[in-house]
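Turn these sequences into a full structure, and let the hints steer you where they fit.
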Amino acid sequence: MASFLHSHTLVAAVLALIMVTAEADFQASPWSPAHATFYGDSSGVSDDMGGACGYTNMYGIGFGTRTAALSTPLFNNGLGCGGCYEIRCYQSQYCIPGAPSVVVTGTNLCPPNWAEDSNNGGWCNPPNVHFDMAMPSWLTFGRYEGGIVPVMYRR
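Numbering (mature numbering (1 follows the signal peptide of the UniProt record, and there is no 0)), first residue to last: -24 to -1, 1 to 131.
Quick caveat, the hints were computed from the structure, so don't treat them as lab data.
All values derive from a computational prediction rather than experimental measurement.
Just so it is clear, CB atoms sit at the ideal spot from N, CA and C, and this is done for glycine as well.
Take the hints with a grain of salt, since some may be wrong.
[Stated by the list, open to error] For each label pair, taking beta carbons as the anchor points, the in silico distance ranges come out as:
#: 1; residue 1: Ser18; residue 2: Gly74; range: 17 to 25 Å
#: 2; residue 1: Asn33; residue 2: Gln3; range: 30 to 38 Å
#: 3; residue 1: Gly40; residue 2: Ile72; range: 17 to 25 Å
#: 4; residue 1: Asn53; residue 2: Gly74; range: 32 to 40 Å
#: 5; residue 1: Gly30; residue 2: Glu121; range: 29 to 37 Å
#: 6; residue 1: Glu121; residue 2: Ser8; range: 22 to 30 Å
#: 7; residue 1: Ser18; residue 2: Pro126; range: 20 to 28 Å
#: 8; residue 1: Asn52; residue 2: Pro73; range: 28 to 36 Å
#: 9; residue 1: Gly36; residue 2: Pro103; range: 19 to 27 Å
#: 10; residue 1: Gly97; residue 2: Ser8; range: 20 to 28 Å
#: 11; residue 1: Ser94; residue 2: Gly58; range: 23 to 31 Å
#: 12; residue 1: Phe2; residue 2: Gly97; range: 31 to 39 Å
Set out below in structure tokens:
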């Protein structure tokens, strides 16, 4: 029994050391400007489960409604899939004062819309850096009426 307890204590200590080391090594990127819109409804359930990243069950794998489709520069030919982004609303009348930032996972591509001007409907057109967020995530910091807000993000 003492040997069993000793080995479990040793395993717990090693795991704690690994976690502390990993946390100490993590450095978030600097805050950068972008814009954000939302898709879907307040339930966060949409018909695009799967998307360009190939995830099939956002809830089953733990993403829930904390997801976003990424513009081409962020999507980066699929390298942005699964990336975590901390996003906060920035200097807009549609930002909720004092609202916290939200962390979302890149789960899809927000495709360019070349029929629209990049500043008027073509939000995901390159070289724009843009997040099209599931509505519940967006509503943590932005007012519905805004539709699109400037944000700051980091990875």
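Checked hints:
1. Ser18 to Gly74: 17 to 25 Å: Between Ser18 and Gly74, where Cβ atoms are some 21 Å apart, the hint holds.
2. Asn33 to Gln3: 30 to 38 Å: holds (31 Å)
3. Gly40 to Ile72: 17 to 25 Å: Check passed, 20 Å falls within 17 to 25 Å.
4. Asn53 to Gly74: 32 to 40 Å: Between Asn53 and Gly74, where Cβ atoms are some 37 Å apart, the hint holds.
5. Gly30 to Glu121: 29 to 37 Å: Since Gly30 and Glu121 have Cβ atoms about 34 Å apart, the given range 29 to 37 Å holds.
6. Glu121 to Ser8: 22 to 30 Å: With a Cβ separation near 26 Å, Glu121 and Ser8 satisfy 22 to 30 Å, so the hint holds.
7. Ser18 to Pro126: 20 to 28 Å: Cβ of Ser18 to Cβ of Pro126: about 22 Å, so the range 20 to 28 Å holds.
8. Asn52 to Pro73: 28 to 36 Å: holds (33 Å)
9. Gly36 to Pro103: 19 to 27 Å: This hint is violated: roughly 34 Å between Cβ atoms.
10. Gly97 to Ser8: 20 to 28 Å: With Cβ atoms ~23 Å apart, the hint holds.
11. Ser94 to Gly58: 23 to 31 Å: For Ser94 and Gly58 the Cβ distance comes to about 27 Å; the hint holds.
12. Phe2 to Gly97: 31 to 39 Å: At 37 Å between Cβs, range holds.
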